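If you want the building blocks of each chain, they are given just below.
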Amino acid sequence: MDGKLRPFFEPNSVAIIGASSTPGKPGHEVIRNILANGYAGRLYLVNPKGGEILGMPVQPSIADLPAGIDLAIIILPAETSPQALRNCAAKGITHAVLSAGGFAEVDEGRAQIQQELVDIIREREICVLGPNTSGNISTPHRFTSSFFPLGKIRRGKVSYIAQTGNFATHTMKYILTSENFGVSRVIGLGNKIDIDESEALEYLADDPETSAIVMYLESFKRPRRFLEIAREVTRIKPVVMLKGGSTEIGRHAAVAHTAAMAAEDRLVDSMLRQAGIVRIWDYTHLILAGKALSMVPLPRGNRVSFLAPSGAMLVVLADLCIHLGLEIPDLGPDALQRLQEISLPFIRMRNPVDIWVAASVKGVEFGYREGMEAVLKDPAIDAVVPILMLTKDTGIPSFDFIIELARKYSEKPLLVTFSGERQYMEDCKEFIEPASVPTFPEIEQPFEVLSILARCRRAMNRPQ
Amino acid sequence: MNAEQENPRCRTKKMTDPMNLIKETLARGQSALSEYDSKRFLSSFGIPVIREGIAPDAESAAAEALKIGFPVVLKVTGRNLFHKTEVGGVVLNLRGEEEVKEESGRLLKIQGCEALLVQEMVKGDRELVCGLTRDAQFGPCVMFGLGGILTELLGDVVFRIAPLTPWDAQEMMEEIRARKIIEPFRGEPAVDMDILVQILVALGEIGLQYGDVLEIDINPLKIRSNGKPVSVDALVVLKAGGPVYR
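Top to bottom, those sequences are chains Z and R.
According to numbering that gives the first Met the number 0, the first sequence is numbered sequentially starting from 0.
According to numbering that gives the first Met the number 0, the second sequence is numbered sequentially starting from 0.
Hint data in this document are derived by calculation from the structure and do not stem from the laboratory.
No experiment lies behind these values; they were computed from the predicted model shown.
Note that CB positions come from ideal geometry on N, CA and C, so glycine has one too.
There's no promise every hint is true.
[To be verified] If we take Cβ atoms under 7 Å as the criterion, some of the chain R residues that face chain Z in the derived model are:
(1) 81
(2) 134
(3) 138
[Claimed, not checked] Under the rule of at most 20 Å between Cα atoms (straight-line distance), these lysine to any residue pairs were calculated in the SDA-like manner:
(4) Z:220 / R:134
(5) R:179 / Z:322
(6) Z:220 / R:136
(7) Z:151 / Z:172
[What the hints assert, rightly or not] Computed Cβ-Cβ distance ranges for the label pairs, DEER-style:
(8) R:165 / Z:235: 16 to 24 Å
(9) Z:418 / R:176: 47 to 55 Å
(10) Z:104 / R:81: 41 to 49 Å
(11) R:178 / Z:118: 23 to 31 Å
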């Protein structure tokens with residue numbers, strides 16, 4: 000690891016080229032973001048108008064900056080970006096985030112400006128993220144180059160690489176406002192004229208602040224190099240990927256998992272399998288997998304037990320598990336005996352667990368607590384999903400028991416979903432997620448996510 | 000030892016140099032190895048191929064058949080003969096010398112026929128396909144799937160990017176929809192996975208080492224009734240416009 004990307008994530012000094020005093024403008028919001036996150040390094044602002052922004056002095060030109068700045072965030076129109084990049088290079092700045100869009104993704108003329116940037120990068124040997132990117136995030140360093148108003152970004156241990164502006168903008172906003180997990184690094188690749196997915200993955204592979212990697216990609220710049228790197232990473236860290244579109248032809252909607260898949264997408268699929276990367280197909284799973292990877296360990300295998308307060312759910316979710324490649328094994332005698340004790344004699348207890356009688360006759364908390372513990376204890380089970388019944392009429396339990404069980408059986412993932420009243424589901428989520436027990440609003444989701452985790456484990460354990 | 004059992008010609012001829020086969024073919028201005036040379040090429044990488052011999056006339060065809068053992072298959076071969084079945088140039092299940100001579104006489108008259116291929120008849124109900132393709136982005140890729148006429152019909156094939164680890168090869172077998180074909184089948188034992196893995200890994204290696212090889216198609220790769228895979232028909236296509244050896 001040559002630390003090539005480190006200045007993007009651990010800059011000691013940052014210059015914002017195109018700093019603005021107008022709230023709402025990217026050149027202004029980026030400053031607010033940096034301040035909101037408590038960035039401890041030196042911050043320099045550049046705008047020809049000079050003056051002050053948010054109480055900080057503004058330099059009229061790049062030439063006026065002091066020497067030794069680690070990173071430039073260039074927030075200028077496409078047309079003026081090349082000259083700014085040249086001036087930064089002249090100032091000895093080696094790393095730059097190019098935020099502007101409007102390059103090769105628009106038309107040929109714009110592609111020429113992009114080519115100009117490529118030439119500068121080659122000539123001056125500088126590292127560039129973008130263009131057409133919403134920037135990057137590095138919570139361990141309390142830094143972001145995102146220009147989307149995010150406020151303080153929650154720190155976590157999962158990192159994202161995204162070939163889209165979404166991640167450092169509104170998807171991050173969603174995670175911050177709707178979820179209880181945080182991120183470590185986020186890398187918005189943009190048009191990838193310099194830093195590509197291979198380098199980003201290589202950086203995160205060696206990053207001690209990253210324990211799992213979630214990716215969204217639309218193309219591979221150097222697929223063989225990527226495979227080479229990913230093959231190694233996936234043995235030490237789980238890597239999950241949503242691959243959008245298909246590579247060259249680009250017009251095929253991804254007809255997932257069918258023989259109608261575009262030939263090149265079949266190769267992408269093969270490559271990801273060889274790389275040990277777990278392919279996902281839903282945008283939602285980028286967030287839900289990130290949540291689970293933040294909160295629970297990988298299961299040892301794919302053997303699941305679940306507890307549902309409904310026969311229909313038992314049937315439907317059992318079918319789902321099989322489709323997802325999850326097993327629902329028979330329980331051991333100890334678990335069976337305990338389940339029988341907490342239920343009624345004429346109910347034959349088995350896996351999946353019909354918890355309705357135990358919960359309704361002996362109390363929701365008692366039924367779920369004892370039922371969950373019985374299956375968590377069973378050595379034949381790798382992960383447990385309770386479909387927690389929460390209605391005022393059947394009684395709302397204290398949620399402490401869930402956290403206690405998750406701590407007691409910390410080597411087994413416990414993923415919670417619900418049936419009942421929305422209000423109590425929200426209460427439960429806000430109570431148990433900060434204690435690292437993930438919840439999922441739809442009953443299929445914990446199983447979908449478990450299958451992702453089980454595939455990560457399988458990839459990690461695959462022979463050389 | 001195994002290779003000798005599969006191909007007795009290894010004993011009589013010195014080991015084939017795969018690079019020479021490529022050079023000779025390109026020097027003749029051809030863009031693909033003949034069926035016979037394709038199998039010699041693959042055999043030099045440890046890929047099992049059927050017992051077969053090449054014969055210029057009826058007499059030597061009968062002699063080859065005796066060496067191989069009856070029943071045999073007789074095929075026309077010639078540099079411009081691509082659709083052997085369509086011209087009636089393939090005869091199956093010949094059981095004696097006289098039959099071979101008689102059919103040889105007929106086949107040799109087919110336009111474009113330069114010699115005859117005499118091949119063992121492989122017993123076994125299962126047909127697989129494997130091969131090598133090149134992708135502009137991904138480079139050499141190994142293909143594996145359901146063989147024979149079902150390849151085109153069902154498209155039940157999967158790919159891996161070279162080089163392949165043995166684990167990659169094993170996963171390919173689990174990934175085809177007809178994965179049960181690898182298991183014990185109609186009284187025949189399970190397919191010998193070790194050999195299958197070895198074939199797929201070898202194809203990837205060829206792709207990486209021989210830039211002149213554009214494509215390889217082994218179809219069918221038949222499964223003998225003892226579970227051992229063997230290449231029955233194979234084609235090695237060379238890069239058009241690639242270096243020409245003189």
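Going through the hints against the structure:
1. 81: Violated. Min distance 24 Å.
2. 134: holds (6 Å)
3. 138: holds (6 Å)
4. Z:220 / R:134: holds (14 Å)
5. R:179 / Z:322: Roughly 18 Å between the alpha carbons, so the hint for residue 179 of chain R and residue 322 of chain Z holds.
6. Z:220 / R:136: Cα-Cα ~9 Å, so holds.
7. Z:151 / Z:172: Distance of about 10 Å is within 20 Å: holds.
8. R:165 / Z:235: 16 to 24 Å: Once the Cβ atoms are compared, 21 Å apart, the range 16 to 24 Å for residue 235 of chain Z and residue 165 of chain R holds.
9. Z:418 / R:176: 47 to 55 Å: Violated: the Cβ-Cβ distance is about 36 Å, outside 47 to 55 Å.
10. Z:104 / R:81: 41 to 49 Å: holds (45 Å)
11. R:178 / Z:118: 23 to 31 Å: For residue 178 of chain R and residue 118 of chain Z the Cβ distance comes to about 51 Å; the hint is violated.
When held up to the earlier numbered hints, the structure conflicts with 1, 9 and 11 and fits the remainder.
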